[in-house]
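Visitor: Take a look at the letters that make up each chain.
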Amino acid sequence: MLVLNNIEVTYSEVILVLKGVSLTVPKGGIVAIMGANGAGKSTTLKAISGLLYVEQGKITHGSIEFDGMRIDKMNPQDLTKFGIVQILEGRQVFENLTAEENLKVAGYNSDSHNVKRNLEMVYHYFPRLREIRHNISGYLSGGEQQMCVIGRALMTSPKLMLLDEPSLGLSPLLTKEIFEILGKYNHEQHTSILLVEQNALLALKLAEYGYVMENGRTVMDGPSSKLLDNPDVREFYLGLVDIGERKSFRDVKHYKRRKRWQ
Amino acid sequence: MTASIFQFAVSGILVGSLYSLVSLAIVLVYKATHVFNFATGSMIVFTSFLIWTMIGLGLPLWLAILVSIAFSYIFGLLLEWLVLRPLIGQPLIGSLMATLALTELLRGLIIMIFSAHEFHLGYHIFPPIVKKIGPVFISPALFGGFVLCTICLIALILFFRYSPKGLSMRATADGHYIAQSVGIRVSTVFSVTWGIAGVICAMAGLALMDRIGFSIVQTPSVVIFCFAAVLMGGLDSVPGAILGGIIVGLVSDLASGLISSQVGMLMPYIVLMVVILVRPEGIWGLKRIERI
Numbered sequence: 094m095l096v097l098n099n100i101e102v103t104y105s106e107v108i109l110v111l112k113g114v115s116l117t118v119p120k121g122g123i124v125a126i127m128g129a130n131g132a133g134k135s136t137t138l139k140a141i142s143g144l145l146y147v148e149q150g151k152i153t154h155g156s157i158e159f160d161g162m163r164i165d166k167m168n169p170q171d172l173t174k175f176g177i178v179q180i181l182e183g184r185q186v187f188e189n190l191t192a193e194e195n196l197k198v199a200g201y202n203s204d205s206h207n208v209k210r211n212l213e214m215v216y217h218y219f220p221r222l223r224e225i226r227h228n229i230s231g232y233l234s235g236g237e238q239q240m241c242v243i244g245r246a247l248m249t250s251p252k253l254m255l256l257d258e259p260s261l262g263l264s265p266l267l268t269k270e271i272f273e274i275l276g277k278y279n280h281e282q283h284t285s286i287l288l289v290e291q292n293a294l295l296a297l298k299l300a301e302y303g304y305v306m307e308n309g310r311t312v313m314d315g316p317s318s319k320l321l322d323n324p325d326v327r328e329f330y331l332g333l334v335d336i337g338e339r340k341s342f343r344d345v346k347h348y349k350r351r352k353r354w355q
Numbered sequence: 040m041t042a043s044i045f046q047f048a049v050s051g052i053l054v055g056s057l058y059s060l061v062s063l064a065i066v067l068v069y070k071a072t073h074v075f076n077f078a079t080g081s082m083i084v085f086t087s088f089l090i091w092t093m094i095g096l097g098l099p100l101w102l103a104i105l106v107s108i109a110f111s112y113i114f115g116l117l118l119e120w121l122v123l124r125p126l127i128g129q130p131l132i133g134s135l136m137a138t139l140a141l142t143e144l145l146r147g148l149i150i151m152i153f154s155a156h157e158f159h160l161g162y163h164i165f166p167p168i169v170k171k172i173g174p175v176f177i178s179p180a181l182f183g184g185f186v187l188c189t190i191c192l193i194a195l196i197l198f199f200r201y202s203p204k205g206l207s208m209r210a211t212a213d214g215h216y217i218a219q220s221v222g223i224r225v226s227t228v229f230s231v232t233w234g235i236a237g238v239i240c241a242m243a244g245l246a247l248m249d250r251i252g253f254s255i256v257q258t259p260s261v262v263i264f265c266f267a268a269v270l271m272g273g274l275d276s277v278p279g280a281i282l283g284g285i286i287v288g289l290v291s292d293l294a295s296g297l298i299s300s301q302v303g304m305l306m307p308y309i310v311l312m313v314v315i316l317v318r319p320e321g322i323w324g325l326k327r328i329e330r331i
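Line by line, the protein sequences are chains A and G. Final position of the first sequence in my numbering is 355; the numbers increase by one with none missing. Final position of the second sequence in my numbering is 331; the numbers increase by one with none missing.
Derived from the structure by calculation, the hints contain no laboratory data. Only a predicted model underlies this, so the values are computations on that prediction, with no experimental measurement involved. The C-beta atom is built at its ideal place from N, Cα and C for all residues, glycine as well. Honestly, I wouldn't trust all of these hints.
What the hints assert, rightly or not - Listed below are the simulated DSSO-like cross-link pairs for lysine-lysine, each with C-alpha atoms no more than 30 Å apart in a straight line: (1) G:Lys-171 <-> A:Lys-252; (2) A:Lys-166 <-> A:Lys-298; (3) G:Lys-204 <-> A:Lys-174; (4) A:Lys-151 <-> A:Lys-209; (5) A:Lys-209 <-> A:Lys-120; (6) A:Lys-209 <-> G:Lys-171; (7) A:Lys-269 <-> A:Lys-298; (8) A:Lys-112 <-> A:Lys-298; (9) A:Lys-166 <-> G:Lys-204; (10) A:Lys-252 <-> A:Lys-269; (11) A:Lys-269 <-> A:Lys-120; (12) A:Lys-112 <-> A:Lys-209.
As the list claims (entries may be wrong) - Restraint ranges, calculated between C-beta atoms of paired labels, are given here: (13) G:Ile-172 <-> A:Glu-224: 27 to 33 Å; (14) A:Lys-174 <-> G:Leu-325: 28 to 34 Å; (15) A:Ile-108 <-> G:Ala-140: 33 to 39 Å.
Build the full structure now, drawing on both the sequences and the hints.
Guide: Structure follows, in structure tokens:
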């Protein structure tokens, strides 16, 4: 179980990006974080995975615990061995390596000693990867690269996966396919998933619980079904007014209607 | 005439393998850390002196070489740890200037600890197995150096293709940030790269020592040719470095044999300029196409 306790993050010792974020990811659960650009979603993930330090960021306040252990001072390499892996935004494959080499390199650098078995497991979830395993990953299509990147994370036998916008730049159909695979993997392997996603509807369908972030704070949280019913979430993230009805631009009256969660 | 062309071509390729190996050391460091290692020449001289010292201690040759390989690896690690590690995260020009400074520092150290004189082994390490192929005469030193360099090149290529460490190093060359996200310890990759560069320098030193001896004045001038080879092949390309080295060896030997040795010194640079004019990224270099 992952617990973020009121963390504050500063970049370059001056820019305060997270101003007290608390959230919990239960063991084997899927939790979604939603929010506008610049709300601090990616920073939250980087704070957990330890990649923050690479970007001159620092957790200045609060604590992060995973399975009862403080992890906010650990580096990304130890965290990977510990079972926490982040899937970076934007399909970042090792361009000059083949798809299979991309997978293998993650296996070699994690604690999982059975690279071969993990490889089979990844190919089981992403059959497409087996077909293209000898292709140079820089030349793969966007969807194949995203599968490769997710598969690469699975190679580390994670206990917690941090997913940053897996749908970015992919077709709705492909996104749906990848989300289905993620759901299946979570169901079968009991890996916890913390998901940052702009596509709120998709995210809340996959996740059991969601958080809404704004300006470096979590402003709202609740079970997905509740969030889906919340009028603010419906309007600002799903673009709906009443059940099933699409919002017309004629009804947009932002001066009248304010977000009420602050 | 044809016979002499043949003669120079063969010796050019044999010499070229040495340039290839040294170029590879430069390319490896560049790929992993994006630093152009100007200190390669001084590193070769330093590791040559290591081998010299080991032989002087009375160790059998094979043991002397093995010990020197180990020391050269540690020497590479030390250079990375002392000089380049503190500069990680700083502007790249700093690291570049650091390797230039390192060149001078090593030169001074070598003169201080060892000597500025030229050293010759006085005997040949490589046995004269092949003396003549058809009409072409081959010096045992040249051929031995070629065999040594080729073995090193093949070993390195196999290492990068099949070993987990080599794979991690190639992955790191593709992106430091992504590498960290999958648990690769990038700083370890940096030091291993420098360690390998150190070992390559020792092997190049060994090949050179047998043929022309070594000194702090003469040996770095050989490495100048490798800079040309690296740029010709493409700064970030392993096959490019190997090809570049062979081309440089071939061109300079043919020119110095058939025209004059002055032209031979110049010829690699003329070829380099032509290559750079036609393909700025080098023969096999990566052309980055940025999507905006």
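Visitor: Could you run down the list of hints and mark each one as holding or not?
Guide: Verification of the hints:
no.: 1; hint: G:Lys-171 <-> A:Lys-252; verdict: violated (64 Å)
no.: 2; hint: A:Lys-166 <-> A:Lys-298; verdict: violated (33 Å)
no.: 3; hint: G:Lys-204 <-> A:Lys-174; verdict: holds (16 Å)
no.: 4; hint: A:Lys-151 <-> A:Lys-209; verdict: violated (37 Å)
no.: 5; hint: A:Lys-209 <-> A:Lys-120; verdict: holds (26 Å)
no.: 6; hint: A:Lys-209 <-> G:Lys-171; verdict: violated (49 Å)
no.: 7; hint: A:Lys-269 <-> A:Lys-298; verdict: holds (11 Å)
no.: 8; hint: A:Lys-112 <-> A:Lys-298; verdict: holds (28 Å)
no.: 9; hint: A:Lys-166 <-> G:Lys-204; verdict: holds (26 Å)
no.: 10; hint: A:Lys-252 <-> A:Lys-269; verdict: holds (23 Å)
no.: 11; hint: A:Lys-269 <-> A:Lys-120; verdict: holds (24 Å)
no.: 12; hint: A:Lys-112 <-> A:Lys-209; verdict: violated (43 Å)
no.: 13; hint: G:Ile-172 <-> A:Glu-224: 27 to 33 Å; verdict: violated (47 Å)
no.: 14; hint: A:Lys-174 <-> G:Leu-325: 28 to 34 Å; verdict: holds (32 Å)
no.: 15; hint: A:Ile-108 <-> G:Ala-140: 33 to 39 Å; verdict: holds (34 Å)
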